[in-house]
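Colleague: Okay, here's what each chain looks like letter by letter:
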Amino acid sequence: MILQALAFLIIFPLFPALLALVVKRGPLLDAVVWIGALGFAVAALTVAVGYWGSGAGLVLVPLEAPALDLLLLGLECLVLVFLFIRSLSMRSKGGWVPLLIAAQAVTVLYLDLGGALPKAVAPLALDHLGVLLLVVAGVVGALVALYAISYMKEERQHHPERPDRRGLFFFLIFLFLSAMAGIALSNSLAWLFFFWEVTTLCSYLLIRTRGDEASIKNADLALALNVLGGAFFAAGLLWLALGPGPKTGEVQALLASGRPALPVAVLLGLAGLVKSAQMPFHKWLLGAMVAPTPVSALLHASTMVKAGVFLLLRFSPLYQGTLPGQLLAGVGAVTFLLASLQAVGESDAKRVLAYSTIANLGLIVACAGIGGRDALWAGMLLVLFHAVAKGLLFLAVGSAEHRLGSRDIESMRGLLQRKRTLGTMMVIGILGMFLAPFGMLTAKWKVLEAMTAAAPLIAILVAFGSAPTLFFWAKWLGALLAVPPAPKPRLERTPPVELGVMGVLAAMTVAATLAFPAISGVMVAPYLARLFPAAPALDLMPLAAMLGVALAMLGLPLIFAASPARGQRQLAYLAGANAGHGFVNSLHEPQEARLHNYYLGSVLHPLKLDRAALWLGAGLTLAAALAGVLS
Amino acid sequence: MTPLLGALLYVVLAPVLGCLLAGADRIATARMQRRQGPPLLQPYYDLRKLMGKRGAEINGFQGYYLTGFLLFTAGAGALFFHGGDLLLVVFALTLGAVMLVMAAFSANSPYAHMGAHRELLQMLAYEPMLILTALGLYLATHSFAVSAIASAAQAPVLVLPGVFLGYLFILTIKLRKSPFDLSSSHHAHQELVRGLTVEISGGNLALVELAHWYENVLLLGILYLFLAPWGVAAALAGVALCYLLEVVVDNSSARLRWETALRSSWLVALALGGLNILLVPALQKGF
Amino acid sequence: MGNAMRSPWVLHYDASSCNGCDIEVLACLTPVYDAERLGIINTGNPKHADVLLITGGVNAQNTSVVENLYAQMLEPKVVVAIGACALSGGIFASCYNIRGGIDTVIPVDVYVPGCAARPQAIITGILQAVAILGAKAQGTHVPVDKAAREKVCQ
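Chains as they are written, first to last, in my numbering: chain A, 26 to 656; chain B, 546 to 832; chain C, 2 to 155.
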């Protein structure tokens, strides 16, 4: 029964994927996407609710199917060959990418066919961590797919000169969702590697969607770095097969082996760092912002990058209390600080969101590296809250870009007044990212509390990184909330599908905050109780205060809606020289007052953050790798 | 003192204390400038006058943001005097401060816009040290709960000299005193250096003043935590001395450029706060 | 005393003054005359101010500015015209660009004569204005008939 359900989750999305390739466009494509997305989401939620309700712990699903293993091996080789051929034509990158791909193919064939890596007895498994990723992929994935129907239609209208590749687009989206289900449910390291590479493939092709110079260049960069990550993964598998230590093909068995499995866990953790765009591997995520909004929202904010931290969270019990674990946490914390600082200097909304994603993933990596009950609690909840809020923000920015013709934050000034609903969605997304009482803040609070005793240096880095996040979010929020004195030209209506999807995500952001204790108790606590049976109960009393704050925040507008307006509107203070909505300048001409945000270039440029990111990130990653293999 | 009583007393008495504190501040400043200064209750008269003003607002949303500012600032203080989680108090205070900044942004006027940015710069400057203060107090007393910190056996200031000094440094920013009165100066009242409240008037401005009183009592309360085990009299005397020091610094320094303010705050936070935190276990062994 | 009278916040504006009266206004805020003991704060913002201290006469350029600043002040508010130029244009009254004193554009409540007006006179003027402010706040203020008012400077 379980096997059928899990298999359904992995196999079902392939049907809408192939249908999309065949149907290619029109209302039939829309129908395929609707049914595929809703079907996947319902299936994921059904499995999740069933699992949570059953109170089960770790569920291993044995499967004896050598033909399946061969099939997956064959598909993996196909994927690697495809990527190999593509990488040969890469213009900017060096020749090492095809070499690495070839090396990975050889490794995989050797390990699988040569029998050096034992076959997994139970290739699939289900536990709370996996279900968490599954639910995120299922719900957010389905919502983004629905949004994409409307968004890609508009893309078509705005850029009729580009070829209409929507069939391929949705094929890749559903293939990706299948791969994410595979990652969430795999207990076999070989299968995990396969699904991992499929996500690399999907990401590469999806970044390339628009087909212009920038897209191709950035897709190549993403491929190059993700291939490097895959090489780390393969290296881990090689170490597992050839090195000292446990010989097993299963993730759970690896975890159960304890300390001897640390080198493998660290190498696989490095693959996770690359997938989650940690420094020094973060450039590919920034470059991936050239892709259409649904790609950015789904792959590069909510789901694919979560696969990386998922792997790190999975191995966190092995990292806890070890030097490699602390170094990995250091990578995460430094990434959090430097990415947050760099976001302050950006005015392109998608780049701000990208840097923020990199930073928050860094926070989760820090949680995984340090480990322990509280840190893991915070890390898992960060996965959930970040996926929802960041997904919402990307979609809102995408819709705003189509309305405004620009995704610069300066052009979004006054958006709440100009587009009430879209503006509200964006505001809720931003609030959800940094402000109490929303989930992200609560999780960050717990991170700080968990880190202070266990790793004060990490806590200090997080404290410093916290401040710039406040700066750039408040700056953006302020631009949205500005009430422009002069009415600006009307904007087109946002398509209802887009608003609907955003509305669901916004409702989820708010509801998740209000239902925080329930979410913690159902989705996360049982997993932690199993891993840390001796730990005292989680003290969630302070959250009661937070909930009070939440209710006050939501209740305030109602009070204000009821109170009467206080009088006529005043003019802005412009030293008495107001003229219409602007002022009279020193040449006695009327001039509009134009506002521009601060980007702190004078302070940030001398810090050479890009270089610092590369050196610090590379140094810490190398140190972690060395510490791991030498342990 | 039960937690609930503490919170209630704070909500009722903090405005009174804050008002007297502000008045004493102005009198001390005046005496340092060899003049008489206003009556002690002058801030109260100012508040009542503001509440009595009639007229227009720049937009209909400021009242909402500023009520939120007052509510969450007072709420943070109430949580503090309830004995709650210190880190949550810091984040609730941040929430209130963001509401004030939003009130200024919503006005969409040049001076308010710049003032809001300068306020955000101040927040960028003091936030790390504020969080490090909470982390430091945790390391010294093994609890984030204010009730536990206040009843610690050993005065936290003994193992947290750096954090204490760092907190005093950013207290200058939080109290809006020179050399860090970049966005809401007490002395100059216009355009760039008071841009934050340029478009806020009348009853709304009264909300801001009231919230500042609540906030000042809370900030001095955090200062008190460092000295609490020495007894009420000694700790209060220490707090009063530190506040006097802030007034002296205010009167004897010129305003810094924001780049300098930002860099020096982060440097102090790192050098005094961060270093101290890393050394706390060693210092604790020493004592 | 009403609350408005105990906390008169001042906006100081130089319409077209030679700065002589402005320097004297500034002197009021210094330790020697210490206007703050009366609760006076020099705000630079009409939205925060109760009392508008104006020096200098009205010309074509600053007519709109004076009206603008006066309009941005919240009720109750009073205007104190300081110096001969603010009363009637003073020594520049017959110049081609000067329209006259401040009361040609906004209603003035207190006139402080002098060229330059002395700080003691300015503070007295402010206190008289503060009394009028209190009356306005309580709704008991009776505006003076302009024609019946004695002119100090011709």
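Think of the hints as simulated: they come from the structure by calculation, not from any bench. Careful: at least some of the hints might be erroneous.
As the list claims (entries may be wrong) - Here are some chain A residues the structure puts well away from chain C; computed CB gaps all over 12 Å:
#  : residue
1  : F40
2  : E179
3  : H184
4  : G236
5  : P271
6  : P521
7  : V535
8  : Q595
9  : L596
10 : L599
11 : A600
12 : A604
13 : V609
To be verified - Listed below are several chain A residues computed to face chain C (Cβ distance under 10 Å; list not exhaustive):
#  : residue
14 : Y598
15 : A602
16 : G605
17 : H606
18 : N610
All C-beta atoms, glycine included, are put in the ideal place defined by N, C-alpha and C.
Colleague: For every hint, state whether the structure bears it out.
Modeller: Consistency of the hints with the structure:
1. Here A:F40 stays apart from chain C, with its beta-carbon at least about 64 Å from theirs, past the 12 Å limit.
2. Every CB of chain C lies more than 12 Å from the CB of A:E179, the least distance being 44 Å, so the non-interface label holds.
3. No Cβ of chain C approaches the Cβ of A:H184 within 12 Å, the least distance being about 48 Å, so the stated non-interface status holds.
4. Consistency note on A:G236: stated as away from chain C, and its beta-carbon is indeed over 12 Å from all of that chain's, at 55 Å minimum.
5. A:P271, annotated as away from the interface, keeps every beta carbon of chain C farther than 12 Å; the closest lies near 72 Å.
6. Non-interface status of A:P521 relative to chain C is upheld: no Cβ of that chain comes within 12 Å, the nearest being about 42 Å off.
7. Listed as outside the interface, A:V535 is consistent with that label: its C-beta sits roughly 35 Å from the nearest C-beta of chain C, beyond the 12 Å cut-off.
8. At roughly 6 Å from the closest C-beta of chain C, the C-beta of A:Q595 falls inside 12 Å, breaking its exclusion from the interface.
9. The Cβ of A:L596 sits about 6 Å from the closest Cβ of chain C, inside the 12 Å cut-off, so the non-interface label is violated.
10. Its beta-carbon lying about 9 Å from the closest one in chain C, A:L599 breaks the requirement of being farther than 12 Å from that chain.
11. Not every CB of chain C lies more than 12 Å from the CB of A:A600, the least distance being 8 Å, so the non-interface label is violated.
12. In this structure A:A604 is not separated from chain C by more than 12 Å, as the shortest Cβ-Cβ distance comes to only about 8 Å.
13. For A:V609, the shortest C-beta to C-beta distance to chain C comes to about 8 Å, within the 12 Å cut-off, and the non-interface label is violated.
14. Annotation: interface hint on A:Y598 holds; nearest CB of chain C at approximately 6 Å, less than 10 Å.
15. Checking A:A602 against chain C by beta carbon gives a least distance of about 6 Å; that is within 10 Å, so the hint holds.
16. Checking A:G605 against chain C by beta carbon gives a least distance of about 12 Å; that is not within 10 Å, so the hint is violated.
17. Look at A:H606: its Cβ only gets to about 14 Å from chain C, farther than 10 Å, so that hint breaks.
18. About 13 Å separates the beta-carbon of A:N610 from the nearest beta-carbon of chain C, more than 10 Å, and the hint is not met.
Checked against the numbered hints above, the structure violates hints 8, 9, 10, 11, 12, 13, 16, 17 and 18; every other hint is satisfied.
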